[in-house]
Amino acid sequence: MQTEVVTTNSEDAAPGNGLDRENYINAKHGIWSWLLTTDHKRIAILYLITITLMFFLGGAFAAGVRLELMTPKGDLVDSDAYNKLFTMHGIVMVFFFLIPSIPAVLGNFLIPIMIGAKDLAFPKINLLSWYIYMAGAAFFMVATLFGGVETGWTFYTPYSTAFSHTNVILAAVGIFISGFSSILTGLNFIVTIHKMRAPGLTWFRMPLFVWAHYATSLIQILGTPVVAVTILMVAVERLLKLGLFDPALGGDPILFQHLFWFYSHPAVYIMILPGMGVMSELITAFTRKRVFGYEFIAISSLAIAVVGFLVWGHHMFVSGQSTYAGMVFSALSFLVAIPSAVKVFNWSATLYKGSVSWESPMMYAIGFIGLFTIGGLTGLFLAAMGLDIHMHDTYFVVAHFHYIMVGGAIFAYLGGIHFWWPKITGRMYPEYWARVAAVLVFAGFNLTFFPQFVVGYLGMPRRYHAYPDEFQVLNVMSTAGASLLGIAYLIPMLYLTWSLFAGKKAPANPWGAKGLEWTIQSPPTTFNFEHQPVVTEEAYAYAEGHDTTHDPAAPPAQAHA
Amino acid sequence: MSSTHHPAFVHHFENLGEQKEAATFGMWVFIAQEILFFGGLFGAYAVYRNLHPDAFYYGSHHLNIPLGAFNTAVLICSSLTMALGVHAAALGKRTQIVGWLLATVFLGSVFLGIKVVEYKEKFDHHLVPGTSFDASQLHMESIEDPALLAKSQKAAQIYYSLYFAMTGLHALHMIIGIPIILWIAARAWLGQFGPEYHSPVEITGLYWHFVDIVWIFLFPLLYLIPKPH
Amino acid sequence: MTETAAVPAENHDSHEDHAHAHPHVVPVRTYILVFLALMFGTAITVGASYVDFGHSYLNNIVALAIAFSKAALVVLFFMHVKYSSKLTQLAVGSGFAFLVILFFFVFADYLTRGWLGTPGS
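Chains as they are written, first to last, in this note's numbering: chain A, 1 to 561; chain B, 1 to 229; chain C, 1 to 121.
Read the hints as simulated data drawn from the structure, not as lab findings. Everything numeric in this text was worked out from a predicted model, so none of it was measured. Where is the CB? At the ideal position from N, CA and C, for every residue including glycine. Certain hints may be false.
To be verified - In silico lysine-lysine, DSS-like type, Cα no more than 25 angstroms apart, as pairs:
#1 A:Lys504 to A:Lys28
#2 B:Lys151 to A:Lys241
#3 B:Lys120 to A:Lys28
#4 B:Lys122 to B:Lys151
#5 A:Lys28 to B:Lys151
#6 A:Lys353 to A:Lys28
#7 B:Lys227 to B:Lys151
#8 A:Lys241 to A:Lys353
#9 B:Lys154 to B:Lys93
#10 B:Lys122 to B:Lys227
#11 B:Lys93 to A:Lys241
#12 B:Lys122 to A:Lys241
#13 B:Lys122 to B:Lys93
#14 B:Lys120 to B:Lys154
#15 B:Lys93 to C:Lys82
To be verified - Label pairs and their computed distance ranges (CB to CB):
#16 B:Gln137 to C:Val100: 28 to 38 angstroms
#17 A:Leu240 to B:Trp189: 38 to 48 angstroms
#18 A:Ala337 to B:Glu141: 52 to 62 angstroms
#19 A:Ala337 to B:Phe106: 37 to 47 angstroms
#20 B:Trp183 to A:Ala502: 26 to 36 angstroms
#21 B:Arg94 to A:Trp498: 18 to 28 angstroms
#22 C:Pro27 to B:Arg94: 18 to 28 angstroms
#23 A:Glu295 to C:Phe68: 50 to 60 angstroms
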């Protein structure tokens, strides 16, 4: 994408590095300038810090789970403590890391810039949503300090309402509150994308990252309220002794599952769709080609968002749901494969005859294609009702959704963080270490989760702290992989932090990529653009066949005519 | 360019028109969210009424239909006063805006007051779910099948759980709405709204009308349940 | 430095909506008529609940039909959707459409219990 006017320096139009000039980081000083900011970029940084802390908290719970599973006997923790570990791991990772991760950090930072706006439509609501997130997280932290919760992240009734003696109410309230953070972020994105696009930026000129976030926001707005009210019903049932799901009164626990999965299945797409948006940006930037089938990728995001609402019953094949409904849900679940496959095929087709280069963000992107494909195809196994009755609640399911959540969403998140790090901070990170980390994350991830497909297929159920001896080898492999993965996650923490102080100063466009965000200085000024940009061409208008140099050491020649 | 010099204009928009559109559209997106938020409870209601029609019929018979109908009328009146308040804002009539908004607050408070009376009745008659729930208040004796009778006496607690959850959540929305309307009325008194800019009045009105619509459904669904055949 | 680039206005939906920047001022008479219709609707809702239509589901249909009509009046006139942009109508419609999805599939389960056997039982 190309703009007529971005800087006053009309000669090479490269505003370059802005660390020594005024930028959004040095525009104001002091802790309150951050805590009361309404700048979408600063709010993105607030989210980045808090979700990183939550990520390592969730990782610590996962470490507990994996350590316990090294041996067949329950020798490290007892079953109650183990139940808490996997529950807290799930809650933290789903509600406090994955759902806000890409939208609240990269989406917040980039969407206004990508569409040529000064900020999101409602900057104060944007800040409010961070405080709501923090309030939700605080409730959850209090629940943790009082001994945690052990219902599974799914809070199934009647266990959560009638039997559990742990801090269900506190945790439920925390999730309820954080849900509104997600809703308000989605609302802000929808209104911004509709109302604030730069002149000339038509819907089909928007970067695919923006399309993906538009689809994500639809789910956040239309799905989240249902889980919010459902989780509120659980809390109220415990607190006020109302009988909303109580089987003793004739209540139906399966109703809870319906209401829960009406949101929580589409929530999977809240986690993966923004990752797909990142993917489209990475693939096209590092193949130096216009993405193949732009319109199909754009529309497939919307298709995933809508069809994702029609399939939730595939989580309930063994719940007592009617067989007929199960068959309908099973058939519809297969439909999700179509828009997902459209994306995978189009990314692959983009690689074909592209000038592919292997910078670290691209390594994550290539990893994503493979791992997401494995995760997606094993999803088809589980969508098939007959097979799911065999696989349900085994490690096969655990492996499947980790291939989507980690192999998909986290790979995209890490790829995106690396790709836009120079724009966000104005600094380059050491590429060598980034590649080392990317390889280790890939290796550690597969070593952790591939054995779980096997052990799950062999029949090992999830959510138990002890297991038969014959599963030990595969579990030890998985724990070894998790250790490697844990270390691999720490490496980017170290070099990215280091780069803030000692990294090379980044040019405006270190990758020679297209897109409005690369036409402004790194890091951007508070209002992003000095003049209102005007968009006159399609997204990803790379001059095909002309490989522009993109050595991070040297600012590339500007590609536009 | 005069619209960019209005005191309410926030500079990250292109002009005041864009700002107003964004505010209204944002409120509509929020209302779409609210539809689903109440939708979860309405879904639970539909499922349970389908499973326990007798319990719902006998449970509803202990609600006070005249009070419910009166409250419906009160809320419709408050919707009218709110609509007239927005109308006055569009015409820039300062004192009228304040008057209609205060009338809306008054009617909303009447509604909540009557709701308190109704809730107290339920407490007095032990119709609040929990250990002190007394199904004998509901006069289900005319159910002949003893199994159905036993089932319905238990499920009546589900009906009352939903009654309190749904009307409670609705009342909570009004309790949130009233101070917002008062704040908007104060801003109107200070002369902040006129034909050129009155988005806050308009979007507060949208919220209030939505709350009214929820009650339009709650009233027949909770109070006027026909005897199942 | 050319800021004179032609802008394809038809592709930018906020331009299309500028027609609505000055909201249609609805005459007070309309509000009063809608108000009277709503009050009338409330009265017949109560009245109809005492009428035996033969089957309880007919009572339900009548009650819901009146409720939906009342809601439609509020949405169209009090909330100005009749005079609003397509985008606004889309937002209202999508909220309602997804509620329909929730109801449809939940009842696809409850109303078909027992049509086919439950696996394993």
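Hint check:
no.	hint	verdict
1	A:Lys504 to A:Lys28	23 angstroms, holds
2	B:Lys151 to A:Lys241	19 angstroms, holds
3	B:Lys120 to A:Lys28	55 angstroms, violated
4	B:Lys122 to B:Lys151	21 angstroms, holds
5	A:Lys28 to B:Lys151	66 angstroms, violated
6	A:Lys353 to A:Lys28	47 angstroms, violated
7	B:Lys227 to B:Lys151	17 angstroms, holds
8	A:Lys241 to A:Lys353	64 angstroms, violated
9	B:Lys154 to B:Lys93	56 angstroms, violated
10	B:Lys122 to B:Lys227	21 angstroms, holds
11	B:Lys93 to A:Lys241	50 angstroms, violated
12	B:Lys122 to A:Lys241	16 angstroms, holds
13	B:Lys122 to B:Lys93	44 angstroms, violated
14	B:Lys120 to B:Lys154	22 angstroms, holds
15	B:Lys93 to C:Lys82	24 angstroms, holds
16	B:Gln137 to C:Val100: 28 to 38 angstroms	36 angstroms, holds
17	A:Leu240 to B:Trp189: 38 to 48 angstroms	40 angstroms, holds
18	A:Ala337 to B:Glu141: 52 to 62 angstroms	56 angstroms, holds
19	A:Ala337 to B:Phe106: 37 to 47 angstroms	57 angstroms, violated
20	B:Trp183 to A:Ala502: 26 to 36 angstroms	50 angstroms, violated
21	B:Arg94 to A:Trp498: 18 to 28 angstroms	60 angstroms, violated
22	C:Pro27 to B:Arg94: 18 to 28 angstroms	21 angstroms, holds
23	A:Glu295 to C:Phe68: 50 to 60 angstroms	37 angstroms, violated
The structure shown violates the earlier hints numbered 3, 5, 6, 8, 9, 11, 13, 19, 20, 21 and 23.
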